[in-house]
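Visitor: Take a look at the letters that make up each chain.
2 protein chains.
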Amino acid sequence: MRILILGGDGYLGWPTAMYLSRQGHEISVLDNFAKRRWEMELNVEPLIPVRTLHDRVRAWQEVTGRKIELFVGDLRNYEMVKGVLESFQPEAMVHYGEQPSAPYSMMDHSRAVFTQMNNLAGTLNLLWAMRECAPDAHLVKLGTMGEYGTPNIDIEEGFIEIEYKGRKDVLPYPKQPGSFYHLTKVHDSHNILFACRVWKLRSTDLNQGVVYGIDTDETRLDPRLATSFHYDEVFGTALNRFCVQAVSGIPLTVYGQGGQTRGFLDIRDTLRCVELALLSPPRAGEYRVFNQFTETFNVLGLSEMVKAQGGKLGLQVDIQHLDNPRVEQERHYYNPKHTKLIELGLKPHLLSDVLLESMLHRIQEYSPRIKKDIILPHVNWSGANVKAAGRKLSVASCQASD
Amino acid sequence: MRILILGGDGYLGWPTAMYLSRQGHEISVLDNFAKRRWEMELNVEPLIPVRTLHDRVRAWQEVTGRKIELFVGDLRNYEMVKGVLESFQPEAMVHYGEQPSAPYSMMDHSRAVFTQMNNLAGTLNLLWAMRECAPDAHLVKLGTMGEYGTPNIDIEEGFIEIEYKGRKDVLPYPKQPGSFYHLTKVHDSHNILFACRVWKLRSTDLNQGVVYGIDTDETRLDPRLATSFHYDEVFGTALNRFCVQAVSGIPLTVYGQGGQTRGFLDIRDTLRCVELALLSPPRAGEYRVFNQFTETFNVLGLSEMVKAQGGKLGLQVDIQHLDNPRVEQERHYYNPKHTKLIELGLKPHLLSDVLLESMLHRIQEYSPRIKKDIILPHVNWSGANVKAAGRKLSVASCQASD
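Chains as they are written, first to last, in the numbering used here: chain A, 1 to 402; chain B, 1001 to 1402.
I should point out that these hints are in silico values taken from the structure, not numbers from a laboratory. Each residue gets a CB set at the ideal place from its N, CA and C atoms; glycine is no exception. Worth double-checking, as some hints may not be accurate.
Looking from chain B toward chain A, a few residues come up when the C-beta cut is under 10 Å (computed) [as the list claims (entries may be wrong)]: (1) 1043; (2) 1129; (3) 1152; (4) 1161; (5) 1169; (6) 1170; (7) 1171; (8) 1198; (9) 1200; (10) 1369; (11) 1374; (12) 1377; (13) 1381.
Taking lysine-lysine and the BS3-like style, the derived pairs with C-alpha atoms no more than 30 Å apart in a straight line are [to be verified]: (14) B/1371 x B/1307; (15) A/165 x B/1371; (16) A/168 x B/1165; (17) A/371 x A/307; (18) B/1165 x A/347; (19) B/1165 x A/337; (20) A/168 x B/1168; (21) A/82 x A/200; (22) B/1168 x A/340.
Quick look at which bits of chain B chain A covers, simulated, 3 or more residues with Cβ under 8 Å [as the list claims (entries may be wrong)]: (23) 1059-1073; (24) 1115-1124.
Please put together the full structure from these sequences, using the hints given.
Guide: As structure tokens, then:
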């Protein structure tokens, strides 16, 4: 299958490209390296040094003999998007090409507006370009479980049958996203559903949980193939950050009570889920949603698992409750369904001591690179933000219009 | 009350400004005159000549002795928005300042992306500026009944109590908007709800039906105070367009079977609804939704009413069913609630023969100005659009980045 990976330089985009290439598909990656600039703005960097995408594509060919084509461009440039679709003629696209961080989107006005303009315009351009140049292609779009929020009823996969005053309908699941970033995913979902309905495009929206892990079978083939593992407050996620805190001897920072429950999955399962969606495409005009995670944990429980595993390795690990910088429920009902990918054949890698141990070992290899000052939260949802933080963030460069 | 009207040059913005000014409030209007340019692009114009906003503000003062302050600026300019809030210090804002046409948003790629970028960025800027400069002010935001689509269950006002598998929650009503324009209103609603939740802003989202009518008590005071009455396919709406067709001797164009049912209201009720929302503001942190219409009609039924009334005035009126240019259900359940504004005191002006007669008479006064070639639909939802149309539309000027 000819598959275009949008955001191919990212934490998940690059491993997805390698994985699908190794399965024999013809892969192109597209990126504008915007995230590398956002890292520079905030003076954060991935734990393991990450080569340029050009170099990684070359290394992939040296290591495996397989070719990945590289396009450089910004999804907000419609002519570029159309040009890529016309030239590569993808049968499917995997769309990771958005600003992916909730804290980044809550940092200040310009980053909030930028996040929404960037993410929405890119996806709108893609939909229009599909309509014009690739109407039969399958769009696999990365959404997030965070679109749903924490309702007091079961969370279904994208749609819910509502019985109300004696009548019934199946309607889009009501969304309660928790940041300007999460809002972009909700907006995208509405836009894509509409495009499928009126233009008969086909799309799978993967509402993904929090991904953890450093390595995939492909990153392990050669050190030059590493992907960007973030542990900072802006681009890092809970479990990855806890592991780095455990290794570097600073307390695991739990936001509030830590009763926030979320869906999680191993990075290797992300790749497999995307593949399963690709191998069973929806029909023309169909927009479907898969909830993509394998287990739920609450944040405090997760920190306790890392503490226990760290202890076995002789690490002194403490847990510290911080004032929650986010506006969210800290105790809530949470029962999200996730059967569709299992039905397609997903065999989950559940979170195990072995994985935690290997993550901690891998982080120990790179521990001299850990920047301790980028872990603690400085971005506050309710608006205190930059001024309240010890570390002043630059806010100059990222206008909505750029 | 100090009230800022955003989009004060528009069909509803200007009459709202005059009405509230006459009630004794201190009014400012803001506009960037973008709609005047869109009219120029498409070579359409309002039926009744409309003075510039500067001239209308001056005429209002001459006629009533009351002053309306005028700000000229684009809501996408954040510094401008903050400057206006700092200078005027509004206690409330009425936000009509968006691209308001569904067909315009479906015309081509650049107008679709422009509509979403323009509407979202303007409202986001307003929310951030409120947070910074006017955190206690009340945002009255114009949404549309079209956000809901046509679900097979009753439509509630913004939120619905869902009982599901033995559990209950009150959640945002699931939305199924029918154009890129309608999608912007759904996106705005999600953004505003979030801002109310995390920043304790207060907002009323008015999900308005289709407005009809030419005159209000204030436009009647002086010919210079007229508002922009559109009858073209892009900015005109069903009933207004039917009346113009009846007068000009061309068949009333019903899209498809005409069983599409929608909520409607008299322009004078729009003004009263906005006033009622302003007089009973929500508490800090509250986001509430009112469904703002007074009656439902289906499109065919509406055309028959106009035909009957036209016949009484000696007009020969035919009804013609066109292939539906939109993608929508033509027969459907439709039972939207609209009790909250009634509870606040709204006394509806229901659609009557008298109103239809006065509209037809008023249109007859201006019948030499009717451009017959701008009434028929050329914008096709499914993508045929410009190429299929007899009238080629210019597509050059309206890039998302401008």
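Visitor: It remains to establish, for every hint, whether it holds in the given structure.
Guide: Hint check results:
1. 1043: Nearest chain A Cβ about 25 Å off; hint violated.
2. 1129: holds, 8 Å
3. 1152: Check passed: Cβ of residue 1152 of chain B comes within 4 Å of chain A, closer than 10 Å.
4. 1161: holds, 8 Å
5. 1169: Since chain A brings a Cβ to about 4 Å from residue 1169 of chain B, closer than 10 Å, the hint holds.
6. 1170: The hint holds - residue 1170 of chain B has a Cβ within 10 Å of chain A, the shortest such distance being about 9 Å.
7. 1171: This hint holds: residue 1171 of chain B lies near chain A, its Cβ roughly 4 Å from the closest one there, short of 10 Å.
8. 1198: holds, 4 Å
9. 1200: holds, 8 Å
10. 1369: violated, 34 Å
11. 1374: violated, 24 Å
12. 1377: violated, 15 Å
13. 1381: holds, 5 Å
14. B/1371 x B/1307: holds, 20 Å
15. A/165 x B/1371: violated, 47 Å
16. A/168 x B/1165: Distance ~14 Å between residue 168 of chain A and residue 1165 of chain B Cα, so the pair holds.
17. A/371 x A/307: Holds: residue 371 of chain A and residue 307 of chain A sit about 20 Å apart, inside 30 Å.
18. B/1165 x A/347: holds, 28 Å
19. B/1165 x A/337: holds, 13 Å
20. A/168 x B/1168: holds, 16 Å
21. A/82 x A/200: Given pair residue 82 of chain A, residue 200 of chain A holds - Cα atoms ~18 Å apart, limit 30 Å.
22. B/1168 x A/340: holds, 24 Å
23. 1059-1073: violated (count 0)
24. 1115-1124: holds (count 5)
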